[in-house]
Amino acid sequence: MLVVALAGVMGAFSAFAAEQPVDANGQLADRQLQMRFEQIAKELRCLVCQNETIADSNADLAIDLRRQVREMLIAGNSDEAIFKFMTDRYGEFVRFAPPLETKTLLIWGAPFIALLLGVSIIYRVVRQRSRQPLDE
Amino acid sequence: MWKFLLPFAAFVALVVLFAFGLNPKRDIHALPSPLIGKPAPEFALTDVLDASRVVSNATLKGQVYILNVWGTWCVACREEHEALLEIAQQHAVPIIGLDWKDERARARQWLEQLGNPYQAVAFDSDGRTAIEWGVYGAPETYLVDRQGRVIYKFISPITQKVWDHEFLPRIAAASRAGA
Numbered sequence: 001m002l003v004v005a006l007a008g009v010m011g012a013f014s015a016f017a018a019e020q021p022v023d024a025n026g027q028l029a030d031r032q033l034q035m036r037f038e039q040i041a042k043e044l045r046c047l048v049c050q051n052e053t054i055a056d057s058n059a060d061l062a063i064d065l066r067r068q069v070r071e072m073l074i075a076g077n078s079d080e081a082i083f084k085f086m087t088d089r090y091g092e093f094v095r096f097a098p099p100l101e102t103k104t105l106l107i108w109g110a111p112f113i114a115l116l117l118g119v120s121i122i123y124r125v126v127r128q129r130s131r132q133p134l135d136e
Numbered sequence: 001m002w003k004f005l006l007p008f009a010a011f012v013a014l015v016v017l018f019a020f021g022l023n024p025k026r027d028i029h030a031l032p033s034p035l036i037g038k039p040a041p042e043f044a045l046t047d048v049l050d051a052s053r054v055v056s057n058a059t060l061k062g063q064v065y066i067l068n069v070w071g072t073w074c075v076a077c078r079e080e081h082e083a084l085l086e087i088a089q090q091h092a093v094p095i096i097g098l099d100w101k102d103e104r105a106r107a108r109q110w111l112e113q114l115g116n117p118y119q120a121v122a123f124d125s126d127g128r129t130a131i132e133w134g135v136y137g138a139p140e141t142y143l144v145d146r147q148g149r150v151i152y153k154f155i156s157p158i159t160q161k162v163w164d165h166e167f168l169p170r171i172a173a174a175s176r177a178g179a
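Quick note, the sequences are listed as chains A and B, same order. The letter at position 15 of the first sequence is residue 15 when you use this note's numbering, and the numbering goes up by one with no holes. The letter at position 52 of the second sequence is residue 52 when you use this note's numbering, and the numbering goes up by one with no holes.
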């Protein structure tokens, strides 16, 4: 009797589990979605502990934001729609990699400007030195 | 000439950078809200004191109001509570509370023991409304104008001084604008 009841409960449980989009480890049953989820979570900043991603953080807000991302993925949202949802509410800062726009041009361009500056300095120094007669 | 001017210019640039970057008055963790100037997200949640009552900001359209995000787990909110009670006494605008990620019994106890500055407190136990508003810490306080737009966000505890200098002038302007 007990065994039958137990089997019934387990059967009910597994049927329930099969319908769940998230498995026991908190992973999305759809592998494709899970991969996208991991990518997106790595791209979003946890705003409580500002140098962690929401994938790494255990802050309450990070947990809530991960839930939000999962739900939006299951609902069929595109990655862009999810990022837009987040930046509309939390600002551009929520993204670790700022998108390439006119106002972020300086951020993306800074390494190249620094490189150009460095090369031009080296060029000048080398040219100046090559004009001087050798001391030794 | 360049030999002197260039290092000097670099020095001046550094001073300006540090003056901004190391300013102790600047809170490096405070983030500007993208919600400013946008319609306030609507919510309809249960009242923390009465689960059968609905608290919604839809009924506040046409009024200037304050939304104050707090929680009993938030130490700074306790600090802020005193000031909020005094501010509520002045009846400048309705103060709506958003009890964020909390337990109803604790929140109720908090309001009964410390006093209730709120016209109503919406109970956001799963934090979904907070996400809509872009809340990332508590306390946070939003000012909404008559058209239902968010016009100001203040992060960290409100004090009487903050209220007088940051909120009252904006409330006055917002009240004039829609009158």
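Heads up, a few of these hints could be off.
Stated by the list, open to error - The calculated SDA-like cross-link candidates involving lysine to any residue, where the alpha carbons are at most 20 Å apart (straight line), are:
(1) Lys153/B - Lys3/B
(2) Lys3/B - Asp64/A
(3) Lys101/B - Arg131/A
(4) Lys101/B - Phe83/A
(5) Lys101/B - Val119/A
(6) Lys153/B - Glu92/A
(7) Lys101/B - Arg31/A
(8) Lys103/A - Asn58/A
(9) Lys153/B - Arg106/B
(10) Lys153/B - Phe167/B
(11) Lys103/A - Lys61/B
(12) Lys3/B - Arg66/A
(13) Lys38/B - Phe83/A
(14) Lys84/A - Glu42/B
(15) Lys38/B - Gly91/A
(16) Lys38/B - Thr59/B
(17) Lys161/B - Ser56/B
(18) Lys153/B - Ala177/B
(19) Lys38/B - Ala58/B
(20) Lys42/A - Ala97/A
(21) Lys101/B - Glu92/A
(22) Lys42/A - Leu100/A
(23) Lys3/B - Val119/A
(24) Lys38/B - Glu52/A
(25) Lys38/B - Ser56/B
(26) Lys101/B - Ile155/B
(27) Lys61/B - Arg104/B
(28) Lys103/A - Val119/A
(29) Lys103/A - Lys153/B
Stated by the list, open to error - Every beta carbon over 10 Å from chain A, so not counted as near; a handful from chain B, in silico:
(30) Met1
(31) Pro32
(32) Phe167
Hint data in this document are derived by calculation from the structure and do not stem from the laboratory. Backbone N, C-alpha and C fix where the C-beta goes; we use that ideal spot for every residue, glycine too.
Evaluation of the provided hints:
no., hint, result
1, Lys153/B - Lys3/B, "violated, 48 Å"
2, Lys3/B - Asp64/A, "violated, 56 Å"
3, Lys101/B - Arg131/A, "violated, 71 Å"
4, Lys101/B - Phe83/A, "violated, 24 Å"
5, Lys101/B - Val119/A, "violated, 54 Å"
6, Lys153/B - Glu92/A, "holds, 17 Å"
7, Lys101/B - Arg31/A, "violated, 30 Å"
8, Lys103/A - Asn58/A, "violated, 32 Å"
9, Lys153/B - Arg106/B, "violated, 26 Å"
10, Lys153/B - Phe167/B, "holds, 10 Å"
11, Lys103/A - Lys61/B, "violated, 35 Å"
12, Lys3/B - Arg66/A, "violated, 55 Å"
13, Lys38/B - Phe83/A, "holds, 18 Å"
14, Lys84/A - Glu42/B, "holds, 19 Å"
15, Lys38/B - Gly91/A, "holds, 13 Å"
16, Lys38/B - Thr59/B, "holds, 18 Å"
17, Lys161/B - Ser56/B, "violated, 29 Å"
18, Lys153/B - Ala177/B, "holds, 19 Å"
19, Lys38/B - Ala58/B, "holds, 15 Å"
20, Lys42/A - Ala97/A, "holds, 10 Å"
21, Lys101/B - Glu92/A, "violated, 25 Å"
22, Lys42/A - Leu100/A, "holds, 18 Å"
23, Lys3/B - Val119/A, "holds, 19 Å"
24, Lys38/B - Glu52/A, "violated, 28 Å"
25, Lys38/B - Ser56/B, "holds, 18 Å"
26, Lys101/B - Ile155/B, "holds, 18 Å"
27, Lys61/B - Arg104/B, "violated, 27 Å"
28, Lys103/A - Val119/A, "violated, 26 Å"
29, Lys103/A - Lys153/B, "violated, 23 Å"
30, Met1, "holds, 16 Å"
31, Pro32, "violated, 6 Å"
32, Phe167, "holds, 22 Å"
Taken one by one, the earlier hints fail for this structure at numbers 1, 2, 3, 4, 5, 7, 8, 9, 11, 12, 17, 21, 24, 27, 28, 29 and 31, listed in ascending order.
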